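Read off the chains here:
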Amino acid sequence: MQRASRPARVPLPRLWPVRASDIVALLVANGALIVAMWIRHGGADHLTSPAAILTAAGQITALLGTYLALIQLVLMSRSPWLDQVFGMDRLAWAHRWLGFATVWLIAGHAVLTTVGWSLGDGRSVLDEATNLLGTYPFVLMSAAGLACFLAVAVTSVRAARRRLSYETWFGIHLYAYLGIALGFAHQLVVGTDFIGDPVARLYWISLFVMTAAMILVFRFGQPIATTLRHQTRIGSVVTEAPGVVSVYVTGRDLDRLAARSGQYFNLRILNRDGWWRAHPFSLSAAPNGRSLRFTIKDLGDWTARIQALAPGTRVALEGPYGTLTGARRTRQRVLLVAGGIGITPLRALLESLPGRPGDLTLIYRASHETEVVFREELDALAAHRGAKVHYLVGRRGSREMPGDPLDATGLRALVPDVRDRDVYLCGPLRLMESVRASLKALAVPASQVHLERFAY
Amino acid sequence: MPKRGAIALAFTTLALVLLFAFKTPDVTPIAAGRNTALVHPAASSAATSGSAAAPLSAASPAANATPRAGAPTPRAATPTATAAPATGSGGTALANGTVAGPVVQTRFGPVQVQVTIAGGKISDVTALQLPSDRQRSAEISGIVGPMLQSEALAAQSAQIDLISGATYTSDAYAQSLQSALDQAAHG
Numbered sequence: 326m327q328r329a330s331r332p333a334r335v336p337l338p339r340l341w342p343v344r345a346s347d348i349v350a351l352l353v354a355n356g357a358l359i360v361a362m363w364i365r366h367g368g369a370d371h372l373t374s375p376a377a378i379l380t381a382a383g384q385i386t387a388l389l390g391t392y393l394a395l396i397q398l399v400l401m402s403r404s405p406w407l408d409q410v411f412g413m414d415r416l417a418w419a420h421r422w423l424g425f426a427t428v429w430l431i432a433g434h435a436v437l438t439t440v441g442w443s444l445g446d447g448r449s450v451l452d453e454a455t456n457l458l459g460t461y462p463f464v465l466m467s468a469a470g471l472a473c474f475l476a477v478a479v480t481s482v483r484a485a486r487r488r489l490s491y492e493t494w495f496g497i498h499l500y501a502y503l504g505i506a507l508g509f510a511h512q513l514v515v516g517t518d519f520i521g522d523p524v525a526r527l528y529w530i531s532l533f534v535m536t537a538a539m540i541l542v543f544r545f546g547q548p549i550a551t552t553l554r555h556q557t558r559i560g561s562v563v564t565e566a567p568g569v570v571s572v573y574v575t576g577r578d579l580d581r582l583a584a585r586s587g588q589y590f591n592l593r594i595l596n597r598d599g600w601w602r603a604h605p606f607s608l609s610a611a612p613n614g615r616s617l618r619f620t621i622k623d624l625g626d627w628t629a630r631i632q633a634l635a636p637g638t639r640v641a642l643e644g645p646y647g648t649l650t651g652a653r654r655t656r657q658r659v660l661l662v663a664g665g666i667g668i669t670p671l672r673a674l675l676e677s678l679p680g681r682p683g684d685l686t687l688i689y690r691a692s693h694e695t696e697v698v699f700r701e702e703l704d705a706l707a708a709h710r711g712a713k714v715h716y717l718v719g720r721r722g723s724r725e726m727p728g729d730p731l732d733a734t735g736l737r738a739l740v741p742d743v744r745d746r747d748v749y750l751c752g753p754l755r756l757m758e759s760v761r762a763s764l765k766a767l768a769v770p771a772s773q774v775h776l777e778r779f780a781y
Numbered sequence: 127m128p129k130r131g132a133i134a135l136a137f138t139t140l141a142l143v144l145l146f147a148f149k150t151p152d153v154t155p156i157a158a159g160r161n162t163a164l165v166h167p168a169a170s171s172a173a174t175s176g177s178a179a180a181p182l183s184a185a186s187p188a189a190n191a192t193p194r195a196g197a198p199t200p201r202a203a204t205p206t207a208t209a210a211p212a213t214g215s216g217g218t219a220l221a222n223g224t225v226a227g228p229v230v231q232t233r234f235g236p237v238q239v240q241v242t243i244a245g246g247k248i249s250d251v252t253a254l255q256l257p258s259d260r261q262r263s264a265e266i267s268g269i270v271g272p273m274l275q276s277e278a279l280a281a282q283s284a285q286i287d288l289i290s291g292a293t294y295t296s297d298a299y300a301q302s303l304q305s306a307l308d309q310a311a312h313g
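Quick note, the sequences are listed as chains U and D, same order. Just so it is clear: in the first sequence, position 74 is 399 by the numbering used here, and no numbers are missing. Just so it is clear: in the second sequence, position 53 is 179 by the numbering used here, and no numbers are missing.
Everything labelled a hint here was simulated from the structure, so no lab data went into it. Values in this document were obtained by computation on a predicted structure and should not be read as measured data. Check each hint, because a few of them may be wrong.
Said to hold, decoys possible - One-sided and incomplete, this derived list gives chain D residues near chain U with beta-carbon spacing under 7 Å:
| id | residue |
| --- | --- |
| 1 | LYS129 |
| 2 | ARG233 |
| 3 | MET273 |
| 4 | ILE289 |
Unchecked claim - Listed below are the simulated DMTMM-like cross-link pairs for lysine to aspartate or glutamate, each with C-alpha atoms no more than 25 Å apart in a straight line:
| id | chain 1 | residue 1 | chain 2 | residue 2 |
| --- | --- | --- | --- | --- |
| 5 | U | LYS622 | U | GLU492 |
| 6 | U | LYS765 | U | ASP732 |
| 7 | U | LYS765 | U | ASP742 |
| 8 | D | LYS129 | U | ASP623 |
| 9 | U | LYS713 | U | ASP732 |
| 10 | D | LYS129 | U | GLU492 |
| 11 | U | LYS713 | U | GLU701 |
| 12 | U | LYS713 | U | GLU694 |
| 13 | D | LYS129 | U | ASP578 |
Yeah, the Cβ is synthetic: ideal placement off N, Cα and C, and Gly gets one too.
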């Protein structure tokens, strides 16, 4: 592989003319429409008794909880528009918090409706629950759906999540799809808002259909199409440092695969024990049209397993994703700050961001010399592009590095013109937070700071 | 890990099969119950036409039951023409007066419809009984009662569309109405 060669011209991923405000407006408008539908159907009428109030609350929580559940699927649908506007890391963060809200609403619906109806009927809650589950069509099914949601929520609580392997957690998470499907029938058949209102039914069904379409297209269709189109395979696997490997993926017409430096793909090794899970890999070199280089650091047995992969093994590519790219640039000069293995996307950016000599500066923070990867490559790239590279190696608090080398003073000493630069950050959360604080102290506008969490 | 996944998948499939199976036996006895209820249209004490109910009841439930027994899907359950030809327009003339149909039991409660004929046409349809045992049933009845009434008046027959979300009530409504119209035609 030619290391410091000039990047080839590979098509860039399409930039969608979508803004965050458009998406938020669309989501809020639909939420308002649902509330309006509830009010039009008399949802908020006659709130005179506790029974009526609980029943009404049970209805609105059901409608909004279900809507939120669909939004959850949309957030995780790997839609390129959403990725471009928000970035997968922020989507995942929103997904986490909205997810708990969703489950609270749906569980609230079950409780409020049962208690509300039992008060209205003057019967015990148990009797009402039995009546609901046994008499009303598809309500038992929806109760099973609620159980799925609860399982997903419980396993996502931090304490539980820590004890579970990623695979178990993810497997249980898939039950959210089942939960949504199981709840669907009872909404249409029992839901007050859909009784004798074909327009409301059509609208509700269309929400589900559109969500399903987004998932099918972006989670399944797009990766399958990319993989079939480019026939992607493992070219070679190279050890860069202890526990750090680069995987070169080759394939057909890779010069037609749109991807940018700074982006990542989810890679799925298509062999017996790899096909069912995908791992995110950052591009660690600018796409050159011949191969894609991914570099990953892994503490588990994954690294050992991937090192043993035979060249020619088929891989499925999902992506590209990620917004830590040149598209977010606002200034002529750029500072890249990498921590540890966070160097991978920044290494690709150092290679391909347009710039004159002196425009690009890289700060590479690592706690030990053995954690520095790509040293030769970085030096060669720096020489070739007229970029500056600062290696800051050592443990904070040690004799060589008593303070934080990236506090405001340290940062200004290294890059005096930092206020007039875009800053791309990638690394451990703590490093990113402390650098962000330093940048704020140095009055670097937030619009010039670009970062992505866990996207390597 | 894929092995555990396979086990989970097998259990999930089994649970889903059981869940779907739960519905199937639940529908049949209700349908049967509905038909047997029709054998007792004498319960329509409000019948003013004064015609003997017994011979009519023998004919109409049989005619009603046949198409419905094999159609568990709610959509297909709209009553087809019974022994009496399409009422109102053409066919047997409807006698003026007010006729109450039989009480039809649904899983949510009884349904009974009364029809008023004036000048050979359906001038009014009133629900004497709609499910109201539970608050929820009353709530749904409040929504669908007027809808069913206007449907029947517009159709001038019992050939009314089932209302989604209230299929049992609509079905029973159509049955009771049809029987009432049969009585009016023979009366």
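Evaluated hints:
Given the 7 Å rule on beta carbons, the hint for LYS129 (chain D) is violated: about 11 Å separates it from the nearest Cβ of chain U. Restraint check, ARG233 (chain D) versus chain U: the minimum CB separation of about 6 Å is within 7 Å; hint holds. Hint on MET273 (chain D) holds. Least Cβ distance to chain U is approximately 5 Å, under the 7 Å limit. Of the supplied interface hints, the one on ILE289 (chain D) holds, with its beta-carbon coming within about 4 Å of a beta-carbon of chain U, less than 7 Å.
For the suggested pair LYS622 (chain U) and GLU492 (chain U), the alpha carbons sit about 19 Å apart, so the restraint of at most 25 Å is met. A hinted pair counts as satisfied when its Cα atoms are at most 25 Å apart, and LYS765 (chain U) with ASP732 (chain U) qualifies at roughly 11 Å. Proximity of LYS765 (chain U) to ASP742 (chain U) is assessed by CA-CA distance (about 14 Å); at most 25 Å being required, the pair is judged to hold. Taken as a hint, the LYS129 (chain D) and ASP623 (chain U) pair is honoured in the structure, with Cα atoms around 24 Å apart against an allowance of 25 Å.
This hinted pair checks out: LYS713 (chain U) and ASP732 (chain U) have alpha carbons roughly 19 Å apart, not beyond 25 Å. Of the pairs offered as hints, the one joining LYS129 (chain D) and GLU492 (chain U) holds, with about 12 Å between alpha carbons and a cut-off of 25 Å not exceeded. Among the hinted pairs, LYS713 (chain U) with GLU701 (chain U) is consistent with the structure: their alpha-carbon atoms are about 14 Å apart, no more than 25 Å. Of the pairs offered as hints, the one joining LYS713 (chain U) and GLU694 (chain U) holds, with about 19 Å between alpha carbons and a cut-off of 25 Å not exceeded.
At roughly 37 Å between alpha-carbon atoms, LYS129 (chain D) and ASP578 (chain U) are farther apart than 25 Å, so this suggested pair is violated.
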